[in-house]
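Please model the complete structure; the sequences and the hints are all you need to start from.
So the protein lines, in turn, are chains A and B. Here the first sequence is numbered in my numbering, starting from 1 and rising by one per residue. Here the second sequence is numbered in my numbering, starting from 143 and rising by one per residue.
If you're looking for bench data, these hints aren't it; they were derived computationally from the structure. Just so it is clear, CB atoms sit at the ideal spot from N, CA and C, and this is done for glycine as well. Some clues are possibly wrong.
So, partial list: chain B residues that the calculated Cβ filter (under 10 angstroms) puts toward chain A [unchecked claim]:
#1 E353
#2 Y357
#3 A444
If you want the building blocks of each chain, they are given just below.
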Amino acid sequence: MSENEAWEPKIVAIVCNWCTYAGADLAGISRIQYPPNVRIIRTPCTGRINPFYIVKALQQGADGVLVSGCHPGECHYLTGNLSARRKFAMLKRFLNYLGLEADRTIFTWVSASEGERFANVIRGVTEKVRKLGPATKLVKSL
Amino acid sequence: MENIEKKMREEARRLLEEKRVDVLIGYEAGTLPLTATPCFITAPEEAERLVWNRFCNHNLAKYVHDVISQHRNSQKRVKPEDRKKKVVGVVARGCTTRSIVIHLQERQYGRDEVVIIGVPCTGYADRRKVSQALGGEAVLEGALEGDVIRAVTEGGEKKIAVADVLADNCRTCRFNNPIISDVMVGEAAPPMNPEAEYDEVTAFENLPIEERWAYFVKEMGKCIRCYACRQACPSCYCPVCFVEQSRPAWVGISDDPSDTQVFQIMRLYHMVGRCVDCGSCVSVCPMGVDLRKFLKKLDKDAFELFQNRAGSSLEDLPPLSRHRENDNEDFIYHPEIGGHNT
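The following block contains the structure:
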């Protein structure tokens, strides 16, 4: 087996407690299969996610970072995801401008009742990152 | 320009005589020829020290924040009813007032704590460009004659047109007249060339992604992490900056290039809707890192997405401190279509 075949994308998913984490839970309870490439980090709200987390994850060797929260208007804290949306819109454009591939940072919404959607998102993101190959930019080598 | 200088001194003297300000921050002639340096004036007779010329490149809003926050800290142990307010006067051009607007919006101090002497600005000379025009030779003697810089070096006398050495941010400045002021000196300055503001950014956007990354790596490779950019930036005023925090230690301190890149990405990102393009970071950078190319992108995006220009009015709050229900959502991933709209 060549080295490339052994490589599996490593994806960090930073999700909100109220929607996407519950959605992931539902996917599990419903026994929906999705790729095991994702490491989930639970946060209270997407508004709580410091954009630094994303940059830091990329530096520490994540091949992709997924951020997911409640759909706009359904935030547990009313507007947390709306402020997050602005932050991430700027961040994604900026990282892409610097030369990091757009598909390495992905933002989406998954509600607590969307177990199927969660699995689809993970499938899609894993596929995208697999196409890009292992991350080389910004990765700390030490 | 001499007229502005004269009026500025008069106003400064008056403000200090009437005790409307406790300290006035302006520029004085630097110790080297063809330089200016910030100065702090507390007595009316010192007003004669003030100068206004093409070498006044510092953004004095930084010092306004420093002076006020230092004073506030010194008052911490004084009973609230005995606390004294310190009013700071400042000589401010367009970008300086924009920085002050940002400070006010971010509630760093009150409008009554700062008195602004507004000065119309026609741009300052970039010291790097001046030095380049002189072939890197040290200036022994220098003077400004209208719009021409006369410099004497070991190789002889040289004349440089100010227009040729104008800083990049001044060339395309949109707000060269003060946004807010208590006293204005001089007539409003003619506009610069704001249409060309984003030309460099657009050109960079159109490069292939690998070239963009290579440029970023090359520029950040120069950075020695002296943090001069942060020290000079009026928008960088956190009591403890993220680079110095140790729990968690956000940025590594190894010599791995990625640590410097991460530091720069985050410092740049903190400037979303807060960078007024005053050129302070660029002018203090000892390694000549092209920070402006990246900062201008944030400015462009903030305007495209949220129609906001940093510090352009007191009512227009910074883009990341507010939101709308119908904000742009093109970057959101949809599994059904296997991508996002853009």
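- Query: Any CB of chain A closer than 10 angstroms to the CB of B:A444?
  - Reply: holds, 7 angstroms
- Can we keep the B:Y357 interface hint, with Cβ of chain A closer than 10 angstroms? Since chain A brings a Cβ to about 8 angstroms from B:Y357, closer than 10 angstroms, the hint holds.
- Task: Classify the hint on B:E353 as holds or violated, based on whether any CB of chain A lies nearer than 10 angstroms to its CB.
- Result: Because about 8 angstroms separates B:E353 from the closest Cβ in chain A, which is inside the 10 angstroms limit, the hint holds.
Violated hints are absent here; each numbered hint is respected by the structure.
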